[in-house]
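With chain A fixed as given, assemble chain B onto it according to the hints.
Here is how the chains run, residue by residue.
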Amino acid sequence: MTVADTPVGTGAPKVAIFNDPKVRGAAIQIVLIALIAFLIYGMVSNAATNLAKAGIASGFGFLNVTAGFGINISPFVEYSETSTYGRVFLVGLQNTLVISIAGIFFATIIGFIVGVARLSSNWVIAKLAYAYVEIMRNIPLLLWIFIWYFSVLRLLPSKSDPINLGPFGLLNIAGYYAPKAVFAGGAGWIGIALIVAIVASFVLSFWAKRRQLATGEQFPVFWTSVAMIVGLPLIAYFLTGMPVSFELPTASRFGPKGGARIYPEFLGLLLALSLYTANYIGEIVRAGIMAISHGQTEAAHALGIRSGPTLRLVVIPQAMRVIIPPLTNQYLNLTKNSSLAVAIAYPDLVSVFAGTTLNQTGQAVEVLLMTMLTYLAISLLTSLLMNWFNAKMALVER
Amino acid sequence: MANSTSSSAAETAFVRSDMVPSQAPPASEVGVIGWMRKNLFSSIPYTILTLFSLYLIWLVVPPLLEFGLFNAVWSGSDREACTTAAQGGIQSDGWVGACWPYIGSYLNQFIYGRYPIDQYWRVNAVFALFAVGLVPVLIPRVPYKGLNVLYLFGVFPVASFILLTGGNITLDGFLLPDAIMAPSFVKFIIDYLVLTAVVCLIGYAIARGTEAPVAPMIRNILIAMGVLLVILLLFATNFGLESVTTDQWGGLLVTLVIAVTGIVASLPIGIVLALGRRSQLPAVRLLSVVFIEFWRGVPLITVLFMSSVMLPLFLPEGVSFDKLLRALIGVALFAAAYMAEVVRGGIQALPKGQYEGAMAVGLSYWQMMQFIILPQALKLVIPGIVGSFIALFKDTTLVLIIGLFDFLGMIQSSYSDPTWASPVQSLTGYLFAALVYWAFCFAMSRYSLYMESRLDTSRR
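Residue numbers (my numbering), protein chains in the order written: chain A, 696 to 1093; chain B, 8 to 467.
These are computed hints drawn from the structure, not numbers from a lab. Heads up, some of the hints might be wrong.
In silico PhoX-like pairs for lysine-lysine, Cα to Cα no more than 25 Å straight-line [claimed, not checked]:
1) B/45 x A/822
2) B/386 x B/359
3) A/717 x B/359
4) A/904 x A/717
5) B/359 x B/152
6) A/854 x A/822
7) A/875 x A/952
8) B/330 x A/748
9) A/854 x A/952
Simulated DEER-style distance windows between Cβ atoms [claimed, not checked]:
10) B/64 x A/765: 41 to 47 Å
11) A/814 x B/40: 23 to 29 Å
12) B/461 x A/748: 39 to 45 Å
13) B/27 x A/816: 29 to 35 Å
14) A/816 x B/297: 44 to 50 Å
15) B/423 x A/933: 54 to 60 Å
16) B/356 x A/765: 38 to 44 Å
17) A/814 x B/423: 56 to 62 Å
18) A/1086 x B/410: 25 to 31 Å
19) B/423 x A/1012: 52 to 58 Å
Cβ atoms here follow ideal geometry from the backbone N, Cα and C, with glycine treated the same way.
So that you can see chain A by itself, here it is in the shape it has in the complex (with noise of 0.2 Å):
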């Protein structure tokens, strides 16, 4: 702040009221505030009389009223014609979040690969990695998104003709159909036995960890887990005589029949979105990686400690650390190009709330205000999430 002209000595300096620091600060923050609020009443006011006068009736009221449009794709949410556009909002909601949590769960994976990839000694390795990073970061998403649904996507065969992957259902132009899980009864027992073994997996890394400080003795608590979550199922699976079976689609002139059907706008969002955002998480990961210096790795083989534990205990720990906070960004920056949906017609948030209801309705501030703060919603809560986690996994300095 303003550094006051005081006179040394002579006690309380005499200053000139409009150059004492309090009163300044106080009087710009005054002004700033009274702007403001005049900024915003005058933002209300026009838009109450401009709303007035194109006869839109203001509030939430429109939430209640029958939309009377189809969506096709709603996976979990129940939705009719009949629904109402607060149903549309949350069918909108959960196909955002759909193809957000798709959308890192591929790109987290394929990121790691680039990375590592990108610090490898094979030449060839590196060199894709690296063209493959130049190629995706440099093109706009949209772009991509356009490339994959609009050019890739309608290469496919038609819908008589699909491409067999055999146990793992069928390709065609109008989607990919996987194969179907069909329950029976008794099945919920297998969903209780892989509840119950993640349960045991928690409290055994517990116990393996306090022994582990209190004794010294090792136990191997990952492939216990491993052992344990799959084989419970699979024991709850045979015991109760196998309830759970797979429908797999099969191909006929008009079109597969049978199978969970994937649309292609997801398709072509999810490769977009997850390809795009890989390239980035790459960079991230190698960035983390190189920032371990390498007297770590050679101080932990000094120690006695193999290769596979030093990447495990040792350098992947600290990497982390400079990894989450981009990671975290990265997720965030996914959530929200996911709205890019609008483009080719995917049924997200922004395509069905922002678009439609609004067209329908009218009702521009509350729609996009609604969208809007659902946005801020998932960033703010997926931020706090990160930031306990990386608290967590920070360095506890003394």
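Just chain B now, with coordinates in the frame of chain A:
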């Protein structure tokens, strides 16, 4: 041996007198083969990975080259050249290749949009003026950076506004109610004088209140208002240029206008926000944080929807913005929030001693920022600014969703033309778009890397 002298060496014939010349390393360790053994086939998993990568390359590169170069059509006048016989063209069955004559015939539209053809020179002049200003700024050795920046941020925007729109806007007053005086140019001048007087009065009050000298304050205000008036009068002057409304703009022109305006507008706003976020005043800090986090937390597309649908609602009756201008406002606010974080990074990177030093020599807050902090901080974040410009350049494609025709938008809209309709049309268009965007972004990112290594004094 070590103890054998030269005389005894001659007698004992079995002792060597000179070193065995070193043999050439085995062929498997040097040259191409050695390099391949070391870098490609050092172990079995590596060999498998190498072969897999080569397979991936083989899967992607030859078909792409075949499509773009070897099978491509290079001349033709309509869709016949780019369709197979079954589709009504001249190509043999099963042919797939790029249709470059389609790009050629549309190239002008991809660059200028629907700008009147006889007025293309105006757009070209703007591109030239931009290049003339930008190139010397980018080359660190060229002197007169200050004048150059003044040209780029002062003269160039005014000139390009007049060139692109045709200028000749009507100034008919803005302050006094119409009841007192009918809108006219004279009323504008009176309004402007009234406004100047009011601003001078506020400046005078502040100067008196803070016991600062009054004369320089009033002089600065008068200079600023005078420059603004000259610019406004230039906008109002009739240069004899045909008026071109923004709905006729399109293509690369719109892409560049949005990206450049966005970055130029976001820089000052971003600096102010970054300073606000670091301020000691709680209200200023809170407002800055809320502003920044809000824009950073929402997707750009919702911002564009907001500026195109919601912004008109917030304006008083009778005031309406052009569609392009609305998008520009949205983009500028959005970019400003990101710019603020970039600038904040630079400000935070400066050691505390810089602040303390500045305060110790008795600089005021603004003097400290202007002369000590910002010059260093902004220099530090040049790569970051280029980075946000690249991001913004890519993000401009989103304006096609709200119905503006940027470069990608023009390509999309050209698909509806039946003259060139063919199955390869969209692939060709996207390939071309990808090449153009890639060239722009790659060049910028290389420049950013170059600046980064130039500015990086820590590792030398």
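Quick rundown of the hints versus the structure:
no., hint, result
1, B/45 x A/822, "holds (15 Å)"
2, B/386 x B/359, "holds (17 Å)"
3, A/717 x B/359, "holds (22 Å)"
4, A/904 x A/717, "violated (54 Å)"
5, B/359 x B/152, "violated (28 Å)"
6, A/854 x A/822, "violated (38 Å)"
7, A/875 x A/952, "holds (11 Å)"
8, B/330 x A/748, "holds (21 Å)"
9, A/854 x A/952, "holds (11 Å)"
10, B/64 x A/765: 41 to 47 Å, "holds (44 Å)"
11, A/814 x B/40: 23 to 29 Å, "holds (25 Å)"
12, B/461 x A/748: 39 to 45 Å, "violated (57 Å)"
13, B/27 x A/816: 29 to 35 Å, "holds (33 Å)"
14, A/816 x B/297: 44 to 50 Å, "holds (48 Å)"
15, B/423 x A/933: 54 to 60 Å, "holds (59 Å)"
16, B/356 x A/765: 38 to 44 Å, "violated (53 Å)"
17, A/814 x B/423: 56 to 62 Å, "violated (46 Å)"
18, A/1086 x B/410: 25 to 31 Å, "violated (45 Å)"
19, B/423 x A/1012: 52 to 58 Å, "holds (55 Å)"
The structure shown violates the earlier hints numbered 4, 5, 6, 12, 16, 17, 18.
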